[in-house]
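Chemist: Sequence:
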Amino acid sequence: MRSRGSHHLKFVFAAALILSFHYAFTVYINSTFLSQFFTEKEVGYLYTGGALLTLLGFIASSSLIKRVGNVAFFTVGIIIEIIALVGLFYTSNPLLLKLFFILHQALPSLLLFSMDLFLEGASRTAHGNNTGKIRSTYLTILNISFVLSPMIVGNIVSVFTYRGVYL
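Just so it is clear: in the sequence shown, position 104 is 103 by numbering that gives the first Met the number 0, and no numbers are missing.
None of these hints come from the bench; they were simulated from the model. All residues carry an ideal CB built from backbone N, CA and C; glycine is no exception. Among the clues, some could well be false.
The calculated DSBU-like cross-link candidates involving lysine-lysine, where the alpha carbons are at most 30 Å apart (straight line), are [to be verified]: (1) K97 <-> K9; (2) K132 <-> K65; (3) K40 <-> K132; (4) K65 <-> K9.
Derived Cβ-Cβ restraints for the label pairs, each shown as a range [as the list claims (entries may be wrong)]: (5) A50 <-> L138: 35 to 43 Å; (6) Y44 <-> I82: 15 to 23 Å; (7) F159 <-> V67: 32 to 40 Å; (8) E119 <-> V158: 33 to 41 Å; (9) S157 <-> I17: 21 to 29 Å; (10) M150 <-> A13: 35 to 43 Å.
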């Protein structure tokens, strides 16, 4: 009989694959997309803003997760990320583009951190001392998206332009 933890692991692996594809897709086109609206220097500032927000997010994440729980943290993060992606897809307003991009730049790292906590919990209940094998499977799943994404993104961009990748 399969343990409940096995089902949790499958969910974590599937969610990690979806999240990593989402992140890998946009990583390859963000700079080119932003260069349609901003100078190279401004694009650099946007990446810096995203990195700073990521750092602040990691600093705050421990206390936030303790206060609201990992499920709520992840859910709110996903909702904000969806809003940021829809905003990047639809708006041409420079101020909103900056806001949505900085949010989008920070959130995938925080969401992957949250996924790692889910993985830790699921691997503890599922397979005892197989943590190394479970973690290596998880990391392989995350990296598959970065291997396959350039080809997929190329096809998306050829049909929908850069904005299509954000949806």
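Chemist: Now look at each hint and say whether the structure bears it out.
Modeler: The hints, checked one at a time:
| no. | hint | result |
| --- | --- | --- |
| 1 | K97 <-> K9 | violated, 36 Å |
| 2 | K132 <-> K65 | holds, 28 Å |
| 3 | K40 <-> K132 | violated, 43 Å |
| 4 | K65 <-> K9 | holds, 25 Å |
| 5 | A50 <-> L138: 35 to 43 Å | violated, 22 Å |
| 6 | Y44 <-> I82: 15 to 23 Å | holds, 22 Å |
| 7 | F159 <-> V67: 32 to 40 Å | holds, 36 Å |
| 8 | E119 <-> V158: 33 to 41 Å | holds, 39 Å |
| 9 | S157 <-> I17: 21 to 29 Å | holds, 23 Å |
| 10 | M150 <-> A13: 35 to 43 Å | violated, 21 Å |
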